[in-house]
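Protein chains in written order, with my numbering: chain A, 1 to 631; chain B, 1001 to 1399.
Derived by calculation from the structure, the hints in this document are not laboratory data.
Some hints could be false.
When the alpha-carbon atoms are kept at most 30 Å apart in a straight line, the in silico DSSO-like pairs for lysine-lysine are as follows [as the list claims (entries may be wrong)]:
#1 A/433 with B/1187
#2 B/1026 with A/453
#3 A/112 with B/1355
#4 A/541 with B/1064
#5 A/94 with B/1035
#6 A/94 with A/112
#7 A/94 with B/1026
#8 A/112 with B/1064
#9 A/503 with B/1172
#10 B/1172 with A/453
#11 B/1129 with A/453
#12 A/112 with B/1035
Model, not experiment: these values are computed from the prediction.
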Amino acid sequence: MGDFLSTGLSGLFAFKRAIDVTSHNIANVGTDGYSRQRAEFVTREATRFGNGYVGNGVSVATTARSYDDLLAQNVRAASSSFSNLDTYTSYLQKLSNLFGDTNTGITASMSKFSSALQDVSNNPSSISARQVLLSQASALTERLKNYDSQLANLDSSVESTLKSGISDINSLAQNIAKLNEQIAGAYAQGGGQAPNDLLDQRDRLLDQLSSKVDVNTVKQDDGSVSVFIGNGQSLVVGATYSQFALSADQYDPNRHGVALVNPGGTNVDITTSIKGGTLGGALDFRNQVLDPARNTLGHIAVGLADVVNDQHHAGMDLTGNLGGDFFNVGPVETRARITNGGSATVTVTRSDGSAVTEGDYFLTKTATGWSLRREDTGATVTLTGTGTGVDPFKGDGLSIVVSGAANTNDSFLIRPTRQAVSGLNVAITDPAKIAAAAPIKTLAASSNTGSGKISAGSVVDATNPNLRSTATIAFTSATTYTINGAGSFTYTPGSDITVNGVKFAITGTPATGDQFTVQDNVGGAGDNRNAQALYDSLNSKALDGGTASLNDTTNRLIGNIGVLTQQAQQNRDAQQVVQDQAKSELDSVSGVNLDEEAANLIRYQQAYQAAAQLIGVANTLFDSLLNATRR
Amino acid sequence: MSRISTAAMHNTALQGILERNSALVKTQQQIATGKRINTPSDDPSGAVRALDIDRAIADADQFKRNSDTITNRLSYEEQTLSDINSLLQNVRDVTVQGANATVDAGSRQALAQQIQARLDDLVSMGNRKDANGEYLFAGFQTLTQPFSPNGSSVQYVGDQGVRQVQTSPTQKIADSHPGSEVFMNVKAGNGTFVADANPANTGSGVITPGTVTNPAQWVRDNYTIHFTSATNYEVLNGANTVVTTGTYTSGGSVSFNGIQVQITGAPATDDRFTIAPSTTQDMFTTLQNLVTTLQQSNVTPQERAQFDTNMAATITQLDQALDHTNSVRSEVGARLAVLDETADSRDAQQVELSKSLSELRDLDYASAITQLNLQLAGLQAAQTSYTKIGQLSLFDYLR
């Protein structure tokens, strides 16, 4: 009788435990990362009688956690990819929105500038038209600067993402290590029973960690988990953990990467091996989108200053002087690596605006000389010259002067266009200094009897010292002429004649004795030839070795950002599906379903009630036995 | 059958509702801005194409402004040329009147004063300024007064510069003519040569401005018709070689080298008439010469002959000036016509550009609103089904 009483009791205990577990499940239906638990029943050891074994009821062997490590790994890999793409995409969307407004964009500012140039060309002596041109020029530089500073803001935003990501990872690593310790302890104390809720907590932290950065986890025998980053650097091993820290770039101390601080205190830069997660996404955005975009913006500034200044130098302002610089533009950024052993310094200038590229370069001292190499492709650039002030190294539109002694492998980072925008401004403040006129004019002598005509002429070499000297073309016969009384040249109607850096052509049939002169255009307030030439230069293919105009480059910048954003959005959406799929697979194993729990509750309740009946039966039996023996 | 956890069920439903929400907001944004492309990523190639069209439209607007400016300036030049034309016509009438032998010295003085006033008018026309305060006929020297009387002549201090203004991506049109071309470069004489009588002539021979009968035979040179006697003449070229000789009859032609002049009256022996290749004579000089001629005495036969020669030459010269003004005017007219044509094609192009831009960037409201309704219906369905399914629970039946 005592047997089935205890059997009944075992049932009561077991089902009460099962109901406990069920209620734990129900209570945690809203807990993130909670894995469904279930009581696993086993029969108790039977008692042997002569006539066979009689069962002794039930006991709960363990409270098992429904969890699948492989599925969990999948979820982590997927969420690491997703948060990478999500971070990358959300940065790109910010960038895309920046360039979205066509009414205030670069193109609109450029159009207004070129319109103002046309108005000066219509009315070159008008100070107000000139003033408008200066205002529009400065609006254009402000627009470019504004974009540049927005991009710089995105750069700081990437830095702060890195910073907060690193501090998140550090506290996660610390907590995982702590949980490892607790879990190992719990396993030991609990006789090998799994501390389910602690495991859930740790898995949840691992999930969070993998959304920050891609990690590998390895389960240890004592129940702890080791976490590895990138190329196998350990972040957590048992109860010990490393920390992440910002590491300054070796060339640019204002730019930071990620370093792993080992428990010993040594820093290892792991920026390049960071993949996935928020951190990876932010770094990808910085390397693949933001830096190139800033360089392209700088390229536009360099191109603008280059084409406008070149043409402006060939013109004459209202005061009768040759035009100076119209735009100032920022210098080439040059940075020495902090580990450089030598004392060499490098000065880099842009020598040919049309050949300047958007790429960054490394200038490295080799055993035999210097080598210039592109940062993105790694391709070596052929250098001419010897690197001295008189004979600088030249390549890709750059002029490089090296001074001081360098050790082999000393290296410099050269960014030709990065700082161009920040230094961009209008060099002219006085509207009269706009060189709208050409410095020379051509005249046909009024005594000419032939039908020869001379073209207006254009400056081909503004540096010619005799540019503004008078030159006389005198026809000694219908087919020959002298220049300033010297030589005898054969006349070909319409062919170019270049004298003193001025190019012009004579057409028609000049008579013997006819004279044409090229002379200083001083006082030519109504001349618009250079304003017109400036306008033309804005549309000329003056960038990328004569293959792209300023507008082409602007289009490329905006088109690229658009395409990258669109692709990133599509990739992110696709990855979202993968992540959801992985999550739902894990969830179908470990998630709590209330209907299921309700069914279990009913089941265990009925079983409990049945087991309780056993106690009742035992009571009745005992009563009947007592009653039977009472008299 | 796979298990679905309660949380997943709620999450999936919520996810669906959120996605529909964001699609709805996107459509709503498109409807609110009226634009299909709000950031480059909405349609990268379309966005770049739209930038190009924006640029083309801005350019077209600017070219329209340029055309308006240049049209104003050319119209003003056309007006001035028309004024010059009537002035010259008026002077010619006065010249014809003054050439009449019956006009006495006093009347000629009066006519001379009239012409002098006309000359001053002509100078002021040459110094006209446009709406921007720039001299119209100064070439590039638009801030310097181009014409100024200097003694008995008028000097041009402008240059030969011509401002070209862009009126389409490929077209530039000159917005004026330099004063040298309008006032100064008038061909002298009949355009080929200038016939004149030697002031030292003692006879009363009068020479006509002459005509070219065969341009192919004309040889540029300075010729002299030399009367070897009252009835015989020889024609000498610049090297003093005799080109031809002839017998003189009053009113008869002297022809050589493809040209022909008439001499009337009674030239004396050793009288000379010159035939010089035509250069240019500015309008001011023509008028100034006329004033001088009118003021001179024409009493003696010699004086009378000189007067008649000069008056005939002046009339020819004025005709040259009128022709010249008309040819400049017709050039201005041609430019204005080109501007009109360009304006027409530009207007058509602008309409076309705006249309493509609208097709590219603007929203198709009909389809956007249809889509909005569809998305609304979808969202409502998702919400309704969620509330229905979400309510179901086995616990409801546990009593």
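Taking the hints in turn, this is what the structure says about them:
no. : hint              : in the structure
1   : A/433 with B/1187 : violated, 40 Å
2   : B/1026 with A/453 : violated, 64 Å
3   : A/112 with B/1355 : holds, 22 Å
4   : A/541 with B/1064 : holds, 25 Å
5   : A/94 with B/1035  : holds, 19 Å
6   : A/94 with A/112   : holds, 26 Å
7   : A/94 with B/1026  : holds, 16 Å
8   : A/112 with B/1064 : holds, 14 Å
9   : A/503 with B/1172 : holds, 20 Å
10  : B/1172 with A/453 : holds, 19 Å
11  : B/1129 with A/453 : holds, 27 Å
12  : A/112 with B/1035 : holds, 23 Å
Hint compliance for this structure: hints 1, 2 are not met, and every other hint is.
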